[in-house]
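K.L.:
If you want the building blocks of each chain, they are given just below.
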Amino acid sequence: MKIRTIKLLAKEGANNVVKNKLMSFASMMTVVVALFILGIVLLMAINITSNIEAMKRDLELTVFLNVNATPYQREEVVNFVEAKKDAGLISEYRIETKEQMYENIKNSLEDESLLEGFTVENAAESFYIKLVDPNSSDAIISQISEFGGVNKNAIGYGKEELDKLEGILKIFNSVTIIVLAVLMIISIFLISNTIKLTVYARRHQIEIMKYIGAVDSFIRGPFIVEGFILGLLGAAVAFLLTSQAYTLLQKGLNALLTNLNLSTLRIMPFSPVAVRMFIIYAIFGIVIGGVGSVVSVRKHLNV
Amino acid sequence: MKIRTIKLLAKEGANNVVKNKLMSFASMMTVVVALFILGIVLLMAINITSNIEAMKRDLELTVFLNVNATPYQREEVVNFVEAKKDAGLISEYRIETKEQMYENIKNSLEDESLLEGFTVENAAESFYIKLVDPNSSDAIISQISEFGGVNKNAIGYGKEELDKLEGILKIFNSVTIIVLAVLMIISIFLISNTIKLTVYARRHQIEIMKYIGAVDSFIRGPFIVEGFILGLLGAAVAFLLTSQAYTLLQKGLNALLTNLNLSTLRIMPFSPVAVRMFIIYAIFGIVIGGVGSVVSVRKHLNV
Amino acid sequence: MIRFVDVTKIYSNGVIGLRNTTVKIDKGEFVFIIGSSGSGKSTFLKLIMHEEMPTEGEVYVNGYSVHDMPHSEIPYLRRSLGVVFQDFRLLPNKTAYENVAFAMQIVEATSREIRRQVPLALGLVGLSKKAKAYPNQLSGGEQQRVVLARALVNNPSVLIADEPTGNLDPKTSKEIMALLEEINQRGTTVVVATHEKDLVDSMKKRVIVLERGDIKSDVKKGSYSNEDKDY
Amino acid sequence: MIRFVDVTKIYSNGVIGLRNTTVKIDKGEFVFIIGSSGSGKSTFLKLIMHEEMPTEGEVYVNGYSVHDMPHSEIPYLRRSLGVVFQDFRLLPNKTAYENVAFAMQIVEATSREIRRQVPLALGLVGLSKKAKAYPNQLSGGEQQRVVLARALVNNPSVLIADEPTGNLDPKTSKEIMALLEEINQRGTTVVVATHEKDLVDSMKKRVIVLERGDIKSDVKKGSYSNEDKDY
Ligand SMILES: Nc1ncnc2c1ncn2[C@@H]1O[C@H](COP(=O)(O)OP(=O)(O)OP(=O)(O)O)[C@@H](O)[C@H]1O
Ligand SMILES: Nc1ncnc2c1ncn2[C@@H]1O[C@H](COP(=O)(O)OP(=O)(O)OP(=O)(O)O)[C@@H](O)[C@H]1O
Ligand SMILES: [Mg+2]
Ligand SMILES: [Mg+2]
Chain D
1 MKIRTIKLLA
11 KEGANNVVKN
21 KLMSFASMMT
31 VVVALFILGI
41 VLLMAINITS
51 NIEAMKRDLE
61 LTVFLNVNAT
71 PYQREEVVNF
81 VEAKKDAGLI
91 SEYRIETKEQ
101 MYENIKNSLE
111 DESLLEGFTV
121 ENAAESFYIK
131 LVDPNSSDAI
141 ISQISEFGGV
151 NKNAIGYGKE
161 ELDKLEGILK
171 IFNSVTIIVL
181 AVLMIISIFL
191 ISNTIKLTVY
201 ARRHQIEIMK
211 YIGAVDSFIR
221 GPFIVEGFIL
231 GLLGAAVAFL
241 LTSQAYTLLQ
251 KGLNALLTNL
261 NLSTLRIMPF
271 SPVAVRMFII
281 YAIFGIVIGG
291 VGSVVSVRKH
301 LNV
Chain F
304 MKIRTIKLLA
314 KEGANNVVKN
324 KLMSFASMMT
334 VVVALFILGI
344 VLLMAINITS
354 NIEAMKRDLE
364 LTVFLNVNAT
374 PYQREEVVNF
384 VEAKKDAGLI
394 SEYRIETKEQ
404 MYENIKNSLE
414 DESLLEGFTV
424 ENAAESFYIK
434 LVDPNSSDAI
444 ISQISEFGGV
454 NKNAIGYGKE
464 ELDKLEGILK
474 IFNSVTIIVL
484 AVLMIISIFL
494 ISNTIKLTVY
504 ARRHQIEIMK
514 YIGAVDSFIR
524 GPFIVEGFIL
534 GLLGAAVAFL
544 LTSQAYTLLQ
554 KGLNALLTNL
564 NLSTLRIMPF
574 SPVAVRMFII
584 YAIFGIVIGG
594 VGSVVSVRKH
604 LNV
Chain C
607 MIRFVDVTKI
617 YSNGVIGLRN
627 TTVKIDKGEF
637 VFIIGSSGSG
647 KSTFLKLIMH
657 EEMPTEGEVY
667 VNGYSVHDMP
677 HSEIPYLRRS
687 LGVVFQDFRL
697 LPNKTAYENV
707 AFAMQIVEAT
717 SREIRRQVPL
727 ALGLVGLSKK
737 AKAYPNQLSG
747 GEQQRVVLAR
757 ALVNNPSVLI
767 ADEPTGNLDP
777 KTSKEIMALL
787 EEINQRGTTV
797 VVATHEKDLV
807 DSMKKRVIVL
817 ERGDIKSDVK
827 KGSYSNEDKD
837 Y
Chain V
838 MIRFVDVTKI
848 YSNGVIGLRN
858 TTVKIDKGEF
868 VFIIGSSGSG
878 KSTFLKLIMH
888 EEMPTEGEVY
898 VNGYSVHDMP
908 HSEIPYLRRS
918 LGVVFQDFRL
928 LPNKTAYENV
938 AFAMQIVEAT
948 SREIRRQVPL
958 ALGLVGLSKK
968 AKAYPNQLSG
978 GEQQRVVLAR
988 ALVNNPSVLI
998 ADEPTGNLDP
1008 KTSKEIMALL
1018 EEINQRGTTV
1028 VVATHEKDLV
1038 DSMKKRVIVL
1048 ERGDIKSDVK
1058 KGSYSNEDKD
1068 Y
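Protein chains in written order, with the numbering used here: chain D, 1 to 303; chain F, 304 to 606; chain C, 607 to 837; chain V, 838 to 1068.
There may be inaccurate statements among the hints.
Pulled a few chain D residues facing chain V out of the computed Cβ check, cut under 7 Å [unchecked claim]: (1) Lys2; (2) Ile3; (3) Leu8; (4) Lys19; (5) Ala201; (6) Gln205; (7) Ile208; (8) Ile212; (9) Ala214; (10) Ser217; (11) Phe218.
In silico PhoX-like cross-links for lysine-lysine, where the CA-CA straight-line distance does not exceed 25 Å [stated by the list, open to error]: (12) F/Lys310 <-> F/Lys324; (13) V/Lys1008 <-> C/Lys803; (14) C/Lys810 <-> V/Lys1011; (15) D/Lys19 <-> V/Lys969; (16) V/Lys1008 <-> C/Lys827.
No lab work stands behind these hints: they were computed from the structure. Backbone N, C-alpha and C fix where the C-beta goes; we use that ideal spot for every residue, glycine too.
Chain D on its own, in the form it takes in the complex (with noise of 0.2 Å):
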């Protein structure tokens, strides 16, 4: 093919996105949508999954001295924690003395008259600890509970709500990966449906072209064209909307989480996904836009 008839082809794609108003419309339509749909099932997720992670981060292993810990015994823990920290392991972490602990105890208890008779003394020393991995808690539980000053069977890792968080974490992933590619699936069924009309609408002309002598490739050419800028400019106002839209959500629903002391929870903005956000929505454009029209147009050519 001469470079004059690519160049011509380019040129009569362009121009049937122009003349075929209510078809280029519905086309570039239906890609927005579809991609507007996945963009934000996409950033839910990318939400949630940060949430979480977030929350796992923020989880605290505890150890608690035995009451009668010895000063050596306790030095032995604070020298390994910090070890471990110098290790890059433990990412941070603060001890709680004995008088902290008897007030912390003290102010769970709803009656204080409860404590009647619990002293200082009977109270414990503790480490809270943040793990730089979540994942490393149960070597470095293991490993902290054979000094001898620790309290064995009081190190709590807040294992009950990882797991929860764990699980909650996987559900929330298949159901993503099983919600985005029932989305994808019926993205392209939309799109190449709508695809399939328009073609399907301009048969006729295809069929003509076909009886005076143009090969299939000069046919499909300009459909290409048209599905490769309508895929385009739908990515383009799908990305606008997304990115409107997500902001707007963004705003409404942090200010929401602030008011209701919620503010662990954090829906991130736009920008740092905006480019990659771009790339996923163009490529899906233009890949379904060509592909689609080029399978559209196949069927007609057999004449």
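Knowing the structure of chain D, use the given hints to seat chains F, C and V with the ligands on it.
P.N.:
Quick look at chains F, C and V with the ligands alone, frame taken from chain D:
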């Protein structure tokens, strides 16, 4: 318009469904997709709401008696609670004796040695009350705190958690409404798009009918019937698809929730909402199909 | 019955289809409209059936004034006409039979009437055997005859035929013209745009000659080349 | 150049389009195909251009054997032909000029060639002034002439015309036939299906008469009614 003409137009519409397979399929599947997405969102919303409602119902009002409350004072509180229960404000309640309370505290402390000097006598008797209407908590709390034997500082209703849940519910409700509205608009848009294209592909036929003297209602008739049929078919397919997909998801998620000891969360089965869903689907399908066709045909009638 | 008063039709792209035309066709007349390609014959007929609106002037057809006719009246005007379109306009998803029947269905004829009239009309144009064929299964001439059958089937008071024999062989053309004459003799006004020189010459009917949108001549018993000229 | 060997075409609905036809048309010939409506003329031409496939027998065109031609070869066969379709087949979203130019674009002509040839072709059929009009803005005869211009523009070795003057007045028809004859004299094989009795009679070319799918006669210098019969 004569009866036989109406019959004729109905038959014609049914014939068109069969004759224009591609276009029928495209329209129907667009309805299916739209309703499917709509249905899944609706079911998600129903589940989230009902789970949060259930969690709210699970909240307990906790009332501690003073450690030194007299049997008479205790009796007063019991009578009050019983009266409220008879009045239908309280669904159930249980009383935790001093002994149980002591055990609980003992178990809740990680180190038993902390309890040194803390005896059964120091523990308080407590009431755990479930309200029929979580919103009546304020009134009941103010009444119950009037009693002499009640520890006024220790009445708890998980107010904080309730507020959070309320907030989350509010978020989900507004997000759901927004999402539903957006999806509704998108669905209508997609369907009308598809119908417009299928009508566009037959615009010449519409014009021909006009040119040989058919009145508008005669031309519109078969399109309305066609829209009805395709809308209803689409609704039926969407209903089957939704019920199957949902039931599958429901089983999987419930199993997962049980595995994760999250069985307070429950995904409800499809059957209780089946009839309502079907009616929503059918109305949506028929109305959109019929109205969409009429509107799309109109612009081609003007010759 | 049909009256053009000072009618000018200028198409949206500025092309003049018809210019200052005043003409009257009485009930029961048989009129040929002739003229070279692009002279305005189809424009003339389209104005009658309200497919095009006059840019200026007034068209009266069967008591309807085309100019200020409400949209809802147009179908009734068209039903009073039987039209053979130059570009056929058959419904592609209906058989020959169904296409003809459709014209009766829109006037809400009974199925009995339809079952009697449609085969008759198809028989008249010699297409009984093609009743079940779809338009794309028919030859050009066969399609043209289906259109004629559709135009005839409701016994319209005016029959308008644009080039009704363009795809027919001379013998069939002659038969079709004889058919039109017979219909005319039963009282139907017939207006035919045609290029069939032989037939126009032999039938000695009123001939209106158009030339670039103007009526060039209008002769009671005319022939294709009244003034020894070819159009 | 064109050879039918025992060709039978039976359409999917059982209708016989052409039966046991054996015929040969040499390079440079001018052949009229005549016959009444539905006799198989268009079928004959469609078999040449591979629009329809023979049910039996073999069709050879310009060195291609239509029967076992790979799909990808079909466009090249068609490009060696210029075709005037009975139903026009103009691209509705292209102007007259663009429609003709399109036939040159598919053979990858340079824009210079296109700018020179297209106006020439439109001029030959008398449509220079209508270059910018879309098909639905053209009269029937004008559309038909655009189709002819499109068929001519690539100087095909074979010109196939199905009823090329069906919508044209006698004068224009005569001019078009003269044009075809001129093209034929420059070496192009011309095959014309037509009903124009006068022209066939006056031109004294080879005439193949079809009747219900059979070749009824094939006369070197024939006329429309060789045997004193009308077809
Ligand atoms: N696609 C088709 N399917 C079925 N039958 C067809 C098809 N095309 C044509 N026929 C039939 O085949 C026969 C020959 O048709 P053809 O178009 O070749 O006739 P023709 O000689 O060109 O007639 P005309 O002068 O009216 O154009 C006719 O009886 C026609 O009804
Ligand atoms: N829709 C339109 N828009 C613009 N110009 C038109 C339109 N229809 C027809 N014309 C032009 O108006 C003039 C008259 O056209 P018309 O169709 O009436 O001719 P005609 O006499 O029927 O010709 P033919 O014998 O070729 O059918 C022509 O020049 C034609 O190009
Ligand atoms: Mg005309
Ligand atoms: Mg033919």
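K.L.:
Provide an ascending list of the numbers of those earlier hints which the structure does not satisfy.
P.N.:
2, 5 and 10
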